[in-house]
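Trainee: Spelled out from the first residue to the last, the chains are:
Number of protein chains: 2
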Amino acid sequence: MTHPVPKGFRLAGVHCGIKSNTAKEDLTLIATEKAGTAAGVYTQNLVVAASVTQNRAKTPSDNFRVVVVNSGNANACTGTRGDRDCREMARLAGDAVGGNESQALVMSTGIIGHFLPMDRIESGITAASAKLAANDEAFDSAVRGITTTDKFLKKASRSVRIAGQSVQITAMAKGAGMIGPNMATMLCVVMTDAELTASLAQEMLTHAAELSFNCISVEGHTSTSDTALLLASGASGVAPISSTDKAAFQQTLDSVCIELAKLIPSDGEGATHLITLDVTGCATRGDARRIAKTVTESPLVKTAITGNDPNWGRIVSAAGYAGVSFDPAKVTLTINDTLIYEAGMPVTYDEKQVSDSMRGSFEVRLELAFGEGDASIRFWASDLTVEYVNFNSDYST
Amino acid sequence: MTHPVPKGFRLAGVHCGIKSNTAKEDLTLIATEKAGTAAGVYTQNLVVAASVTQNRAKTPSDNFRVVVVNSGNANACTGTRGDRDCREMARLAGDAVGGNESQALVMSTGIIGHFLPMDRIESGITAASAKLAANDEAFDSAVRGITTTDKFLKKASRSVRIAGQSVQITAMAKGAGMIGPNMATMLCVVMTDAELTASLAQEMLTHAAELSFNCISVEGHTSTSDTALLLASGASGVAPISSTDKAAFQQTLDSVCIELAKLIPSDGEGATHLITLDVTGCATRGDARRIAKTVTESPLVKTAITGNDPNWGRIVSAAGYAGVSFDPAKVTLTINDTLIYEAGMPVTYDEKQVSDSMRGSFEVRLELAFGEGDASIRFWASDLTVEYVNFNSDYST
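Going down the list, the protein sequences come from chains F and R.
To convert, count from 1 in the first sequence and add 16; that's this note's numbering.
To convert, count from 1 in the second sequence and add 16; that's this note's numbering.
Please keep in mind that the hints were generated in silico from the structure rather than gathered at the bench.
Keep in mind that this is a model prediction, so the values were computed, not measured.
Don't take each hint at face value.
Which copy is meant is left open, so a pair is good if it fits within one copy or across any two.
[Claimed, not checked] With a Cα cut of at most 20 Å, we get these calculated EDC-like pairs of lysine to aspartate or glutamate:
1. 35 to 410
2. 262 to 49
3. 74 to 104
4. 368 to 379
5. 35 to 353
All chains, full assembly: derive it from the sequences and hints.
Mentor: Given below as C-alpha cells:
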C-alpha cells in the first residue's frame, strides 16, 4: 500500500534529542507550499496541554502553513512557561517555512509535567525545515517523528474523484496508551490537496472524528493532548462543491479516519485482541455511545476477551451500569456472529466453538442489541493483558 | 478482636454442594428469634439478580425473620425460572425458622446465568436451620458461607451506649471482584440487637452505605447482585429515641460499614495496595464523587500505584475527564502527605522518598484538592496488578 503525499505538502521528521534514543525521530514538520486551510478536533479533558489551548484558538483557519509536532514530551501541566514555549515553537516553525506564528499549529505528545528543551526544539525545526520533501521517505520519517510507544506506523491513504478529477487524502496517526473514547493520547494529521473552506474542513473533520477517533478505547483514560487535524493545501485546484462531491469526499475522509482509528487499539499496549463492538437498537446514538464506552472499558469484559472466554454475564452486566435506560428482557448478544444471549436469557450454543473462534482471530466481534430504537454505534477497543499492566506499572514509563 | 453475635440472632453456614469444594460452606442462614426489622440497599445496575428485585419489594420491613444466602451461583440473568427459584428459597428459609416467605430475604452470589440447584439449596436450608447458634463458630461458618473469591473473612463489630445501656452491632461482608462504586458483587449483613423501626433502619443504612459501600472500587464493574442488609432483632429492648442516641448509633453503624467496606478493595483480586483517595474542595459531593470514581477507576492511575510511582500526571489528567467543571490552575495533590502538585503546577519534592513510602506500605493515601467549595468524599480502591489480569482472564473463572 502506498501513501502518496498530497500535492502542495512537504514534510520531514528528524531526531533533535528530546528522546534519548538517537535512532528515533522526535520532531516532525508538515508544511503547505501556500496558505491552506486547517481544521482541528481536540481532547475533551479539562486539563489540557498548551498546544491544545493554542490550536483551538487558531482553528478552523484559512491561513495555515505548518504544523510542528514533537514526541517525548507533552508540554502539559507546565503552566505559563509551557504556554510561552508552545508559542515560541509555533513562531519558530512559522518562520522556518516563510510564514509566521499565527499560521503555525503545534502538537506535543509524551511525558506530562516537564518543560520542553527549547534549544533542541529550535535546532530540530531548523534541521527539519531543511529536509522538507514530498516523497515516501519524508512521509515515513514524519510519521516516526510523532510516535511514542507505538509498535507500528499508522498510515492511511485514499484518492477520491470530485468534479471528474482525483484528489488525494493521506493521513498519519499515533497512539497506543492513554486512549479513551473522546480522543486519547492520540495525534492525527490528515492531509489533502482538495480545496476546502475552513468551515467545510471543520464540519467534515468533526463528522469523521465522531465515527472514528471518538469511538476507540485502550483503557479509557482521556489524555491532555489529543489532537486531530485536517489540512487542505488546495494544490489540486479541485473543490467539493456539489452535494454529491461533498458526500464522496466526506465518505472517503471517514474511511481514512476509521482505518487509522482502528489501528490505535490494535496497537494498544499489550493488546492481544481488537474488540469491535456494535451497539444497536438504542433510542439515541448518545445512549449507544454510553453503553459502548462502558462495556469496552470494563476490565472484566476486557480480561474475558483476553482469555477467549465468551463470558456474556460480564458484557450484559456492564451494559446495565452504563446509566442508560433499557429493558433487560429485550437484550440480545452475539459473539463472532454466534447468538449467545437472546431476549434477556442465555441460549444454548457451542461454547468451545465460540472460544476457539476468539482464540483464532485478533479481532473479536461483539454485537449488543437492545430493541429500544434505531440508533447504533461501532466502537473499537483493546483487551487487557498482563503486558499492559507490566508496561504501565514499570516505574520508568 | 471478638465479634459477639447480637442478642436475638442465631446463624449457621453449611456446605450443601453448590460449590464443588466440599470443605467450603456455600449456604448461610441468619435468623432472628422473633420478628425484627430489616432495611436494604442494593446495586444500581439495571440488570439485577432475582434476589435483588424480590428483596427490594420486601424492605424496609418490620416483620423480618430470616435471610438465606448462597454463594457459588448468583441466580442472575435466569429469567422467570430464576424468579421462581428465588421465591422458593425464601419460602424454604421462612418455613425452616417457623415463619413464612414474606419474612425471608435472599442473597445469591457467584456465577451469572446458571440455574440454582434447588435440591441442594433445600437440603442446605434444612441442615443450616438445624445448626443455628449464636456462638463464634456459628458466626464464622456463616461468614464463610457468603464468600466467593475472598482471601480473608470480612467482619466488624462495635458496641454503643444508648439510653445508658449497651447495644451490639456485628456485621459481615464478602467481595473481592466486580466491585464498582455504587455497590459491587458485595454482600453485607449488619446485625444489631437494638430496637429500630423499619424506616429508621432504612434511613440509617442508606446513610452508612453512602459513606462506605458506595465509595469503594476494585475495577469499577457494578454487579447484578450487590446487597447490604441491616437487621435489627430488638432483643436488647433498647431503642435509639433521642437525637443524641440516634447520632451515636448512626456513627457506630457508619464506622462498622466503613471498616467492612475498606476490607473489600484491600482483598481486591491481586491487589498489592489499598488506595485511599480524599477528594476535597469541590462545589458538591456529587462532583467529588464523580472525580473520585474516575480517578480510582483509571487503569493508568492504578498501575502507577502498583509500580510505587508518584505519577501525578495520570492522577490530575484522570480528574480532568471526570465531567466535572473545575479550574486546573487551583488543583493540588498530595501523595502520602507529600505535596506533589500545587495550584496547577508540579512542585519540587523528593521523588525517591515518596516512592519508597508507597513501596513500604499497603495503603497509599492520595488527596486531590480543588478549591471550588466545601464538599468532599473519601474513596477506597485496589490497585491493578498482573495477578488481577491473570485471575480474570483465566477461562475457568
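Trainee: Each hint should be assessed against the structure and marked as holding or not.
Mentor: We went through each hint and held it up to the structure:
When the C-alpha separation of residue 35 and residue 410 is checked against a cutoff of 20 Å, the pair qualifies only within one copy, where the shortest distance is 18 Å, while the shortest distance between copies is 38 Å. Neither within a single protomer nor between protomers do residue 262 and residue 49 lie at most 20 Å apart by alpha-carbon distance, with minima of 24 Å and 77 Å respectively. Taking the shortest alpha-carbon separations for residue 74 and residue 104, only the intra-copy value of 15 Å comes in at or below 20 Å, while the best inter-copy value is 67 Å. Taking the closest pair of Cα atoms, residue 368 and residue 379 come within 20 Å of each other only inside a single copy of the chain (17 Å); across copies the shortest separation is 42 Å, beyond that limit.
With identical chains, the CA atoms of residue 35 and residue 353 are never at most 20 Å apart, being 45 Å at best within one copy and 32 Å at best between copies.
When each numbered hint is compared with the structure, violations occur for hints 2 and 5.
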